[in-house]
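S.K.: All chains should be modelled from the sequences, with the hints used to inform the complete structure.
Quick note, the sequences are listed as chains A and B, same order.
Every letter in the first sequence is one number past the one before it in the working numbering, and letter 6, counting from 1, is 196.
Every letter in the second sequence is one number past the one before it in the working numbering, and letter 256, counting from 1, is 258.
Wrong hints could be hidden among the right ones.
Straight-line C-alpha distance at most 27 Å; calculated BS3-like pairs for lysine-lysine [stated by the list, open to error]:
1) Lys259/A with Lys26/B
2) Lys250/B with Lys259/A
3) Lys278/A with Lys250/B
4) Lys262/A with Lys215/B
5) Lys278/A with Lys215/B
Rather than coming from a laboratory, the hints here were simulated on the basis of the structure.
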Amino acid sequence: MELDSKVYADVLVLSPAGRIDHTNCDRFLDAIQPQLERCTASGPRLVFDLGRLEYVSSAGLRCFLIAAKQVKPLGGTVVVAAMRPVVKEIFEISRFNLVFPIFDTVRAAVAQVSPGALSALDAG
Amino acid sequence: MRVRFWGTRGSLPTALTSGDVRRKLVRALQGAIGRGLDSDAKIDAYLDRELDFSTSQTFGGNSSCVELIPGGDEFVVCDMGSGARAFGNHVLATAGATPPLINVFMSHVHWDHIMGFPFFMPAYTTGARIRIHGCHPTLERAFRLQQSAPVFPVDFGRLSAAIEFVHLTPDTWYDIAGLRVRPMLQNHSGDSYGYRFEHDGKSVVYSTDSEHKLDDPAETAAFTAFFRDADLVIFDAMYSLLDAISVKEDWGHSSNVVGVELAQLARVKHLCLFHHEPAFDDEQLESILKETIRLEQLTRTDHTVEVSAAWDGREIDL
Chain A
191 MELDSKVYAD
201 VLVLSPAGRI
211 DHTNCDRFLD
221 AIQPQLERCT
231 ASGPRLVFDL
241 GRLEYVSSAG
251 LRCFLIAAKQ
261 VKPLGGTVVV
271 AAMRPVVKEI
281 FEISRFNLVF
291 PIFDTVRAAV
301 AQVSPGALSA
311 LDAG
Chain B
3 MRVRFWGTRG
13 SLPTALTSGD
23 VRRKLVRALQ
33 GAIGRGLDSD
43 AKIDAYLDRE
53 LDFSTSQTFG
63 GNSSCVELIP
73 GGDEFVVCDM
83 GSGARAFGNH
93 VLATAGATPP
103 LINVFMSHVH
113 WDHIMGFPFF
123 MPAYTTGARI
133 RIHGCHPTLE
143 RAFRLQQSAP
153 VFPVDFGRLS
163 AAIEFVHLTP
173 DTWYDIAGLR
183 VRPMLQNHSG
193 DSYGYRFEHD
203 GKSVVYSTDS
213 EHKLDDPAET
223 AAFTAFFRDA
233 DLVIFDAMYS
243 LLDAISVKED
253 WGHSSNVVGV
263 ELAQLARVKH
273 LCLFHHEPAF
283 DDEQLESILK
293 ETIRLEQLTR
303 TDHTVEVSAA
313 WDGREIDL
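M.R.: This is the structure:
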């Protein structure tokens, strides 16, 4: 599991790659934790770009739930985007689509959470 | 070995309503239009092959009671939920007035797992012998308590059968009724115990009322070992994963998603969803089963797990 992070204006995009399961979920949670603390009402909007995520187990999904539980009460925003079909089905079967707004692309997610950040995204 | 389900519902017995029955009838009759069902054979074929399970049948509504039939003289059953009433009648109908020893294995003593015992007719039968096995020190007290005034008219002490309670130690193998059996502690309010049964090269794990903590790799490893290579795992899949780890966290139950993962890790042959949510109707339960089958397909690597769901009256031969 790898994790990339990029900032586009006031949007933070976190991009895990590979698999998140019971063998590495702690590492994933440790990696995103410092970023979550910034995602308050006045902080960046958080977009999980899951385009490179191949598989997520229940232990991995728990990490996303922890992220939502941490960010939302502080007035922050967290969404997921660009899921591969397999991961999208796992989200739906687990009912995690009820927790997260889901977007087909990162661009669509950014357009929703912070339209002003689109130009930064497009500029790369 | 044969497994027969007498009760598969979680928490509370659940009856079909007249509205449920009418919806099934309407769907079946709509589907029958133009099919020329003018013989019993055609009707049977239509019911068996053309209709969804949730239209032609029902998952049933009795709470936990599962019989194991290894082929010996004695009876073996897990839990005494409301399904025990029908099981008891079956015992007397097939074995006569003096049935062989009935071995009961108790996961725990929450109400839905003992409530069938006051209606278990062998307990009222002189000459019948019932041996109730379990790991809880409160086992006998719970059975006596539910049959005491003011909540039940027949006190436990008035039962005619010879009833004894046998304390088992977790993680210990026993030879009982021709089966090798090992209990394992599970995470549930007041504790629950799963049982691994082995007989003649076949293995069945009965694991209900068991919540799995996803942040505990040691627990995952322990259950993987307990389920390892089992021919059948009867698994508490009462909640969705989201519910199990959010609003219903610490309510003591698990999900279909965790069931598939543990079955895959342990290379289980057949995962049977059990302890169905009483709030769900037959259509919802069938939908969850289809999703679970799909999840196994999506996440399969080099091992295939057959996924099915328990229903009252179902038999599985191993």
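S.K.: Compare the structure with each hint and give your call.
M.R.: Checked hints:
1. Lys259/A with Lys26/B: With a Cα-Cα distance of about 41 Å, the restraint between Lys259/A and Lys26/B is violated, given a limit of 27 Å.
2. Lys250/B with Lys259/A: The hint holds at about 15 Å.
3. Lys278/A with Lys250/B: Within the cut-off at roughly 23 Å; holds.
4. Lys262/A with Lys215/B: holds (23 Å)
5. Lys278/A with Lys215/B: Measuring from Cα to Cα gives roughly 23 Å; hence the hint holds.
The structure shown violates just one earlier hint, number 1.
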